[in-house]
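The listed protein sequences derive, respectively, from chains A and B. For the first sequence, counting from 1, position 18 maps to 16 in this note's numbering; every step adds exactly one. Add 3 to the 1-based position in the second sequence for this note's numbering, that's all there is to it.
One should not assume that every hint holds.
[Stated by the list, open to error] Listed next, with one range per pair, are the computed distances between beta-carbon atoms:
1) His7/B to Gln60/A: 48 to 56 Å
2) Ala37/A to Trp114/B: 48 to 56 Å
3) Gln60/A to Gly20/B: 31 to 39 Å
4) Val106/B to Ala37/A: 50 to 58 Å
5) Asp16/B to Arg152/A: 20 to 28 Å
6) Ala124/A to Ala135/B: 41 to 49 Å
Hints listed in this document are in silico derivations from the structure and should not be mistaken for laboratory results. These numbers come from a predicted model, not from an experiment. Glycine is no exception: its CB is placed at the ideal position from the N, C-alpha and C atoms.
So you can see what is in the structure, the chains are spelled out below.
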Amino acid sequence: MAARGDPSGPPGAAAFDAFVREYQDMVYAVAVRLLANDADAEDVAQTVFLRAYERFADIHGQPTAPGWLKTVATNLCLNHLERYRARWRFFSELGEVGDQPFEATSAAEPPDAALDAAERQARLEAALRELPPHQRVPIVLFHFEHLGYEDIARTLGVSVGKVKTDMHRGRLALRRWLS
Amino acid sequence: MTMHPEELTRLVDEALGQLPLPRAPRSLHPRVMAAVTPQIHGRPWFTWSWPAQVAAMVCLAVIVTGVTWLEPRLVLDLTQWVPEWMVGVTAQISAVAETGSAVGRVVQVTWSGVVLPIAKLVLLLTVALCTACAACLAALGRMTPGGVSQT
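Model the full structure from these sequences, guided by the hints.
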């Protein structure tokens, strides 16, 4: 597969370069919202594109390419979080008893009514990142990746009831930053 | 203020939907392209799969052996067709070829007499060490920081 406009370069190099430029923000956004960590998100995004390069002949130019990238990014992020899952399950169970410290923004000062839209969005994004993983991950999968409750529960290996409870607590923590 | 969960879901969905897409850091694109460049230009021999490495070594050995054994005859045949002023040159080439042939025999004797007897032992030792390392890494990979082990 020769890259158009780059006859002297290695085959596919220019096409893959354009592919990365086109989708890097989308892949990074999925990763950084799921992981809430810039460095980890960049590592995962790089791995996603390396996987894409291995199958570039199959996915390049296909309408399913963005979905494929999002799915791979999501799975890699969940694998990344898997090693901490035992820990945040423990925290989650504590949270069910009613502990407030895990709702990070609940103790924050109420937002200034005069905040402009951009500032409010920035604080909402920050509040989303501050949520504990068991609340943040299902919220991101639901609101950004448009997965259903059952799919999220199956993906995370927990019950639908727990997903709904965690998401409700996460939404309550975000409520103060809603316009 | 109490809010119905469905209303809260709708408000959160609306607010999160308005968030701008986080921009990838500038370092991501160069990192990705640097990582795939070796795949584009070809990987070094030591990163090939082991069957490819063995096949490459066998091919190289066949070529070297063939040239070592065949070249003296070729040189002798060619001397009938070259002018006299090149005879000295061909004699030197022939001497080099004979030297190469002798070196080939030495390598062959060294291989069969020294390397081959211990090769199996080294191979077994290497496989055992690699297996032990893989087992240790797998065990470490299942441990979470802080000493909590996943089951």
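Results for each hint:
1. The hinted window of 48 to 56 Å between histidine 7/B and glutamine 60/A is violated, with their beta carbons roughly 42 Å apart.
2. A hinted range of 48 to 56 Å for the beta carbons of alanine 37/A and tryptophan 114/B is consistent with their spacing of about 50 Å.
3. Between glutamine 60/A and glycine 20/B the beta carbons are some 26 Å apart, a value that contradicts the proposed interval 31 to 39 Å.
4. Separation of valine 106/B from alanine 37/A is about 54 Å and conforms to the stated range, judged on CB atoms against 50 to 58 Å.
5. The hinted window of 20 to 28 Å between aspartate 16/B and arginine 152/A holds, with their beta carbons roughly 21 Å apart.
6. Separation of alanine 124/A from alanine 135/B is about 46 Å and conforms to the stated range, judged on CB atoms against 41 to 49 Å.
Taken one by one, the earlier hints fail for this structure at numbers 1 and 3, listed in ascending order.
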